[in-house]
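Asks: Protein sequences appear in the order of chains A and B.
If you're matching positions, the first sequence starts at 1 in UniProt numbering and goes up one per residue.
If you're matching positions, the second sequence starts at 1 in UniProt numbering and goes up one per residue.
Mixed in with the good hints there might be a few duds.
[Unchecked claim] Footprint (simulated), chain A over chain B, 3 or more residues, beta carbon under 8 angstroms:
| # | region |
| --- | --- |
| 1 | 97-105 |
| 2 | 325-333 |
| 3 | 402-413 |
| 4 | 550-564 |
These aren't lab readings, by the way, just hints derived from the structure by calculation.
From a predicted model like this one, the values you see are computed outputs, not experimental measurements.
Every residue, glycine too, gets a C-beta built ideally from N, C-alpha and C.
Listed below, chain by chain, are the residues.
Number of protein chains: 2
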Amino acid sequence: MTPATTSPESSSTPDNGAASSTAPRPSPTGSGRPRRLVVVGGVAGGMSCAARARRLSEDAEIIVLDRGRHVSFANCGLPYYVGGEIENQDDLLVQTPERLRAWLNLDVRTGHDVTGIDPEAQEVIVRTAAGEQRLGYDALVLAPGAKAARPPVEGLDSPRVSTLRTVEDAARLREQADAGVESALVLGAGFIGIEAAEVLAKRGIATTVVEFAEHVLPPLDREHAYPITQELRGLGIDVRTGTAAKSITHGTDADEVLLSDGTSVRADMIVLATGVRPDTDAFAASGLELERGAIVVDEHGRTNLPHVYAVGDATVSTDPVTGARRPVPLAGPANRAGRLVADFIMDPEHARPIPAPLGTAVVRVGEMTAAMTGANRDSLDAAGIEYTTIHLHPNQHAGYFPGASQLHLSVSFAPDGRLLGAQCVGRDGVDKRIDVLATAIRAGLGVADLIDLDLAYAPPFGQAKDPVNLAGMLGANVLNGTVDVWDVRDLEQVRQTHLLLDVRTRAEVAGGMVPGALNIPHTELRARIEEVRQAAAGRPVGVICQVGVRANIAHRILVGNGLASSVQTGGMITLRAWLGDDADSYLVRA
Amino acid sequence: MTPATTSPESSSTPDNGAASSTAPRPSPTGSGRPRRLVVVGGVAGGMSCAARARRLSEDAEIIVLDRGRHVSFANCGLPYYVGGEIENQDDLLVQTPERLRAWLNLDVRTGHDVTGIDPEAQEVIVRTAAGEQRLGYDALVLAPGAKAARPPVEGLDSPRVSTLRTVEDAARLREQADAGVESALVLGAGFIGIEAAEVLAKRGIATTVVEFAEHVLPPLDREHAYPITQELRGLGIDVRTGTAAKSITHGTDADEVLLSDGTSVRADMIVLATGVRPDTDAFAASGLELERGAIVVDEHGRTNLPHVYAVGDATVSTDPVTGARRPVPLAGPANRAGRLVADFIMDPEHARPIPAPLGTAVVRVGEMTAAMTGANRDSLDAAGIEYTTIHLHPNQHAGYFPGASQLHLSVSFAPDGRLLGAQCVGRDGVDKRIDVLATAIRAGLGVADLIDLDLAYAPPFGQAKDPVNLAGMLGANVLNGTVDVWDVRDLEQVRQTHLLLDVRTRAEVAGGMVPGALNIPHTELRARIEEVRQAAAGRPVGVICQVGVRANIAHRILVGNGLASSVQTGGMITLRAWLGDDADSYLVRA
């Protein structure tokens, strides 16, 4: 959504809509349907709601108000337009008011900024270029979306600073890129920030991305973020994490941005992508219940105000895994909720509740993909939920088929097996595995149920034991005690209490091993078991290999010989990713 | 598996394995573990079982017998080796006996052909180059797999006829292709036949494929098979369906194959790919219960013989959707069942039952992919199950993002919403949607639950309303009566009883319309509703558009105006695919 348009000739002109002012207002939860539905916000959730409402009611008056110049535009496509991968601006306009009128008889009014609600009168207050109006409603759906958060950075009002929320924003950034700017700074390495940094770097602009969190894409677990950091560096992007912009000094040639770590960056253009917040300022005075700025709704999108509903980025929902309350500013949940709210308004008898979004998300970064669903480890820790996370690195398709590449997959589950979350990074097949796992989580499956999924297999597409099946097998092993695992996060603790046993080959170990570990290749372990027993001297053994497969075999040999053992899940690949840039200095060369 | 090796010096040499002949045999279902596990068949299910058994028991003796020269080879990769996409034969050998010994202490014996079971003595009879032996077992797992079915075709023993089941088969076919043969005939257009035809055609060989069923890939519904037929033709392949080889005349230069339709094909090489049947002849005399040649097993892989288990292509299972009994010769279920049987043998307390396979399958054909899960319409019809099938043609990712291409997706569900099956054909993103739907079916979700799946969305990967979500929305509409659908299969019946209304634009209709349909573009429908009422003259309206979206909108307009209506699901794209080559002669040009 664009910023509110201000009109110097603001005046109050009563709306002449007969429906709202004279007709008795049926209860939207009763048998009657609203005669006039007003939707505030014509993108994603709002437009889905309006379109669905028309398909359920041929005779309702349906009015969509949007303060911007465009409705139903491709929000998620904006970075790709900046980069030129999407060539034409028109391609971003999924629908136009004219087409929505012709197809669905919707009354779409752009340049209409809703500045307030009068719930008593059942009217919204609308500001347009022509002045202020009031518009009555029988049912009102608020879909105002989110706007860019503006951190308290001195000089943030520099004309070189842009957000990337609207078609106009994207057009301006593309113009700057076309004009041949030399350097760009992206503030924030979330989804939008990463996408923006990539498209700018690919256009030959020296690009820096700054992220306050300790790693890029903060919703990812640390070990999954590192391959993405490396991919960004491979694109020539200067990645700076654990720091933030402190002040921006506007200069004639470029801006000078001072960071909290004391360094500074010169930039010809600055993209502000430090997150979003619900765009609900207009509704605060109306008595609408908000929770940290987000609209509180029930399972049918009802707010605390009668006949007023809300959907999308501006609403708060409960995390189905952790119980945390937060808005989920994602297009998918918004679109689906818009439709379900229309169902409830027009046909409550058949309406399904709006499911709490799992926060499934995906992003392309260079040649890689990162995706996630459900809760990450930080949020599980914050919620005090007991869980185990397993890491796997299987190929996305048969290893003998050309183009095989490794997935980095983690799955978290509760002590009773309930799936809690999953993350995946890789070059191909990432989105598929996360979609399968998102489906499994939504269906309430346990980790061992993943064994039984009949996933499509042919060499170009998967493995006879798909990575998701493998996660189920490993998870089942953990649940029934066939394998005990420990996490790379506990490395230092395990080093102090366990004999670390690295079962990789000598050649592999030569490239770097955890200090103090004993190396016995797993193929020699049966013959050298007494050596391990002596070295362990009563301590349990912590087994490490490259990805976890050989460590599992070694673990079973150790247990079969009466030794206490557990396996570092994910092996050296996970361990190295978790150590990140510190890996080479931490590991010793044998 | 290779055909049985015959040994001229066959003799009976008693096995000297102490474990089987002297030790008391613990019941595998009791608390004791078998001291010797014998596995017959060292590919897929058999090898998965042996490997898992070792990981559960460090001290059991585990012997794998295979009559072939190779174990654990990449069955599904063979066609790609013939085509050269997999370059080296060694890449097909996933494991070797040496490596299996070193890693897992498995005793893998190739060239060991099991010719019978003596269940009383708990021994298998094994024929090797050295003669016949008997080998005792405490637990026996039969994983003999399937062999090529040999239809009653005169001259099928021509040396130009090969199957494509073993590494040796593949090597021979590749040699022939390398030697520059000019023409090839593939008998059977199932998965293997299609893959073989494609790789041969891509090598410049004039290739014909012959299929007895009415369309290629018989498990696909007819309308999904047509795009695959077109893709095969695009590769230069001569596709002949509804016919079969009758006789093969071996000639000096080439073979002459007479087909049942009276035509004939000359071919330098002939690939027999008319399906497989369980390779169980060796076990018939032992009292093993077979059902049409397939081994009958319970949910833990137990056969009717004590201590004898079976897994994989040679076993029969019950279709979880239709209840039909059939073998499912697919690598995924075989591998997973092998593991679960090992669990039951070694650790029955923690063993999960083997799930009945859904038959999820996928195949790459040229630039296209076809995939399916659950029951197709023919099998639902045969089982007398009531169902609705919906067809959709959404893009696999955001339409405005480069590379968008259409999926052809169908989903079948019961009157109570239970998901029964799904099929998908397209250029990209096909396997992902089928995997999600396979997961949903396995989890027992209903079609409307598909609305709630939180699938990963970013423009390169999907849509804010993913095709699977859209299927849920359309399915929910059907279930709650918001939309009534009719199937292209009922076209002639609907033509007789309904007013057909084509709501596409005039330009679209000019390219072909169902004879007798009335054309009113959906954007004009509200204004011309009385025209429809008159033309319908009391008959219900059957609405058609290109993919179904506009027809749904038109349907709601018609219903909103008091007209009975239903929508042809899938629109002209499904209708044309269903008509296939007859489409152009059937449709009229307005």
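Asks: Now look at each hint and say whether the structure bears it out.
Replies: Hint by hint, here is what the structure shows:
1. 97-105: Our answer is that it holds, as 4 residues pass the Cβ test (under 8 angstroms) against chain A, meeting three.
2. 325-333: That given contact holds, which follows from 4 residues of the region 325-333 of chain B lying within Cβ reach (below 8 angstroms) of chain A.
3. 402-413: violated (count 1)
4. 550-564: holds (count 8)
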